[in-house]
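Asks: One-letter residues, chain by chain:
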Amino acid sequence: MTTTITNAEKKSGEVASPEQTYQSSYVPRFDIWEGENELLLYGDLPGVSVDDLDIRFENRELTIRGKVASRHEGNFVLGEYGIGDFHRSFTVGEAIDAEKISAEMKQGVLTLHLPKSEKVKPRKIEVKTT
Amino acid sequence: MLRTNWQPLAEVNRLRNEMDRLFGQYADGGGTEMGRMGTFPPLNVWEDDNHLFVEAELPGFDMDQLEIYVTGGNQLSISGERVQPEPAEGAWHRKERGFGKFRRSLELPSDVDSDSVSATFINGVLTLTMPKSEAAKPRRIEVKAN
Chain A
1 MTTTITNAEK KSGEVASPEQ TYQSSYVPRF DIWEGENELL LYGDLPGVSV DDLDIRFENR
61 ELTIRGKVAS RHEGNFVLGE YGIGDFHRSF TVGEAIDAEK ISAEMKQGVL TLHLPKSEKV
121 KPRKIEVKTT
Chain B
1 MLRTNWQPLA EVNRLRNEMD RLFGQYADGG GTEMGRMGTF PPLNVWEDDN HLFVEAELPG
61 FDMDQLEIYV TGGNQLSISG ERVQPEPAEG AWHRKERGFG KFRRSLELPS DVDSDSVSAT
121 FINGVLTLTM PKSEAAKPRR IEVKAN
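The listed protein sequences correspond, in order, to chains A and B.
Quick note: the first sequence uses the UniProt record's numbering, first residue 1, plus one each step.
Quick note: the second sequence uses the UniProt record's numbering, first residue 1, plus one each step.
Bear in mind the hints are in silico, worked out from the structure with no lab data behind them.
It is possible that part of the hints are untrue.
As the list claims (entries may be wrong) - Only pairs whose alpha carbons sit at most 25 Å apart, straight line, appear in this in silico SDA-like list of lysine to any residue:
id, chain 1, residue 1, chain 2, residue 2
1, A, K100, A, R56
2, A, K106, A, L53
3, A, K67, B, E96
4, B, K95, B, K137
5, B, K95, A, V27
6, A, K67, B, G60
7, A, K106, B, R103
8, B, K137, B, Q75
9, A, K106, A, R56
10, B, K101, B, K137
11, A, K124, B, E89
12, A, K67, B, T129
As the list claims (entries may be wrong) - Selected chain A positions facing chain B (in silico; Cβ < 7 Å):
id, residue
13, R29
14, D31
15, I32
16, W33
17, E34
18, P46
19, L53
20, H72
21, F76
22, V77
23, G79
Please read all numbers here as calculations on a predicted model, not as lab measurements.
Virtual Cβ for every residue (Gly too), placed ideally from N, Cα, C.
With the sequences and hints as input, model every part of the structure.
Replies: Here it is, written out as structure tokens:
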């Protein structure tokens with residue numbers, strides 16, 4: 001496995017970085033899958049509107065920011081999850097074709113497609129017999 | 001020279017993540033993958049004079065994958081299953097999200113009219129609007145002065 005994706009949040013306390021999650025009210029969960037041609041990120045973002053998402057890819061750093069507005073009017077009886085701002089960032093080890101990154105939201109799940117650059121795609125080397 | 005800036009809130013954040021991980025590991029979830037995430041789905045419940053509102057975070061579910069029952073006037077049950085996508089060929093680098101079957105039961109703080117419960121499912125958030133039964137609605141008591 002050659003791709004290394006690390007979470008800046010895991011480094012908190014070890015490496016000083018401006019990309020920290022310490023101002024976030026919660027940390028959304030992500031799955032990351034690598035195929036031959038692309039990396040796929042699946043993120044659980046229930047209640048997040050597309051308009052409230054800000055996704056940036058810069059210098060191998062993928063940053064996902066967003067917010068969930070309050071939906072409650074009345075007296076709280078039970079509160080098991082918070083809403084507010086969130087922030088996650090990943091350092092992507094593979095070379096990504098930034099122009100072709102795409103994202104979609106469906107039923108509160110963000111799917112991010114990060115196509116690999118042509119130059120890093122694995123090539124099968126044919127061995128010629130003489 | 002390696003330069004490090006001390007960020008006290010980063011330490012607090014790291015502690016919080018470790019605590020979440022610790023308690024999530026031992027939360028009662030019936031041994032399922034969903035259960036290992038902690039209590040699933042997380043619920044918010046609030047009320048006004050005439051209604052109870054229950055909101056559940058269920059990202060990646062379809063409405064037809066959910067079964068919702070209100071029994072006995074105040075027993076709410078939500079169950080369903082989320083199936084993990086399996087892309088054709090490749091490898092998982094990180095798996096933080098939970099999949100599998102879940103069932104969650106909750107005793108509501110007051111009786112509701114189960115025939116009039118309505119549900120919406122928007123952006124992975126299920127919202128149940130449950131009218132309170134007439135007997136459960138608050139009544140203002142007038143105090144008569146002599």
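Asks: Given the hint that K100 of chain A pairs with R56 of chain A, test it: the Cα-Cα distance must not exceed 25 Å.
Replies: 13 Å, holds
Asks: Within a Cα-Cα threshold of 25 Å, do K67 of chain A and T129 of chain B meet the stated pairing?
Replies: Within the cut-off at roughly 24 Å; holds.
Asks: Does the CB of L53 of chain A sit less than 7 Å away from some CB of chain B?
Replies: 11 Å, violated
Asks: Straight-line Cα separation of K106 of chain A and R103 of chain B no greater than 25 Å?
Replies: 23 Å, holds
Asks: So, as I understand it, the hint says I32 of chain A touches chain B; can you test that by seeing if any CB pair is closer than 7 Å?
Replies: Constraint on I32 of chain A satisfied, holds at 4 Å.
Asks: For a C-alpha distance cap of 25 Å, please report whether K95 of chain B and V27 of chain A respect it.
Replies: 14 Å, holds
Asks: Per the CB criterion, is H72 of chain A less than 7 Å away from chain B?
Replies: Status holds, d = 5 Å.
Asks: Restraint: W33 of chain A near chain B, CB-CB cut 7 Å. Satisfied or not?
Replies: Interface hint status for W33 of chain A: holds (5 Å vs cutoff 7 Å).
Asks: Report holds or violated for the interface hint on R29 of chain A, using the least CB-CB distance to chain B and a cut-off of 7 Å.
Replies: 4 Å, holds
Asks: Taking 7 Å as the limit, does the beta-carbon of P46 of chain A come near enough to a beta-carbon in chain B?
Replies: Hint on P46 of chain A: holds, closest Cβ of chain B at ~4 Å, below 7 Å.
Asks: Taking the least C-beta to C-beta distance, is F76 of chain A closer than 7 Å to chain B?
Replies: Nearest chain B Cβ about 5 Å off; hint holds.
Asks: Quickly compare the C-alpha distance for K124 of chain A and E89 of chain B to 25 Å and report which way the hint goes.
Replies: 16 Å, holds
Violated hints for the displayed structure, listed by number in ascending order: 4, 10, 19.
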